[in-house]
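Keeping the supplied structure of chain A fixed, place chain B upon it in accordance with the hints.
Listed below, chain by chain, are the residues.
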Amino acid sequence: MPAELRKLVTIVEETHREGECAVTPPTRRAAAVAVIRNPHAGRFQEDLADLIEIGKTLGALLAERAVAALGIDPHSVESYGKAAAVGADGELEHAAAILHPKFGAPFRKVLGKGAALIPSSKKRGGLGVPLDIPLGHKDAAFVRSHFDGMEVRIADAPRAHEILVAVAIATSGRPHPRIGGLTTAQVIGEDGLR
Amino acid sequence: MPEIVLRKILVQIEEIFHEGGPAPATPLRRGAICAVISNPFAGAYTEDIAGFMDDLKPLGRDMATRLVAALGGDPARIEGFGKGAIVGEAGELEHGALWHVPGGYAMRELLNGAKAIVPSAKKVGAPGTRLDVPITHINASYVRSHFDSLEIGVPDAPRARELLLALVMTTGPRIHARVGGLQTTDISKHDGLR
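Chains as they are written, first to last, in numbering that gives the first Met the number 0: chain A, 0 to 193; chain B, 0 to 193.
One thing to keep in mind: the hints can contain errors.
[As the list claims (entries may be wrong)] Sample of chain A residues at the chain B side, in silico, Cβ under 7 Å:
#1 E3
#2 L4
#3 L7
#4 T9
#5 E12
#6 T14
#7 L126
[Claimed, not checked] Residues from chain B that keep clear of chain A, each with C-beta distances beyond 10 Å, as calculated:
#8 R6
#9 F16
#10 H17
#11 G19
#12 I48
#13 D53
#14 A69
#15 P133
#16 P154
#17 T184
#18 L192
[Unchecked claim] Computed far set for chain A versus chain B, every beta-carbon distance over 12 Å:
#19 T26
#20 R36
#21 P38
#22 H74
#23 E92
#24 K112
#25 A114
#26 K122
#27 G125
#28 D131
#29 P133
#30 F146
#31 T182
#32 G188
It should be emphasised that the hints constitute simulated quantities derived from the structure, not laboratory data. Glycine residues also receive a C-beta, built at the ideal position from the N, C-alpha and C atoms.
For reference, chain A alone in the conformation it holds in the complex:
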């Protein structure tokens, strides 16, 4: 484990009922969250190459943890998302350095594919700040049934000098999707959009 890692958290959520109506089979989704030390907390650092490399490591690690927490074949993941929260002494750009340049490729490699942009969110916050991780279909961003989000929080993080980094994955769309739009059956999955 990299020395910067303080804590790893996985959360698995199964929904058996929604709208007073059974969900069969239950929808399942998972988040994996790392709490890491922010090497640039409290000062301006022009070069964020080290955080970019941390992003590469975490993209694989968190994807593997989330898949393992669901106990599934990684190819059965249908949607994904990512998010980060920097502690009080960090900069939003630190979250961006982790999430955007190199995080996606190892994440997609774990899942076998992932033509779509990985939807993301980032913020600054204190201990226990909730992260709303956006979720979208991994091969076709316009699949409307898979527009979703998962809220996670860790009571004791991020401290001022830490960063929370998270992924979320799901094996289906929302429970009882029924607002039309592109369906999974119509996915071509080449341009990442449809």
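Below, chain B without anything else, positioned relative to chain A:
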């Protein structure tokens, strides 16, 4: 008595590597499982509710089994436990107390007849309410290194007519425990306390 109507299961596992001090060889794991079920007594005062404790027993056993599995699968590695309940606003605190027997005995049975009382917390709350579930050693409540707690919750539960039931387990002492008191090696009375 009423059947159990399950809406959601959430499993949360934390792996703690350090908290600023020397990292132990084996990271500490802390886990929680939360079940969101309908409260059959919501909205009116019912005198006779105690029979629901028996109805909850299979759910308690299932939750304890799933939590041990998520913590690695070996009941012998579980050293701390706790339980909690959050009652939705159309319910009564006493409805949360129904969880003491089925939640506690489910863990005790699975953990080879753990001797200590299972510490607990409960409250009435809105969706997203968090609960600090106390944790103590499974065989001797006075073991100071294992006094701990885990904040649990489900973002969209409990709704007004729901109960959120939780079990919590840990695989060891606090990550840098060093405030003295009774140690696991001092357990000798086998009375659940020391």
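Review point. Against the structure shown, which of the earlier numbered hints fail to hold, in ascending order?
Key: Result: hints 1, 7, 8, 9, 10, 11, 14, 16, 19, 20, 28 break, sorted rising.
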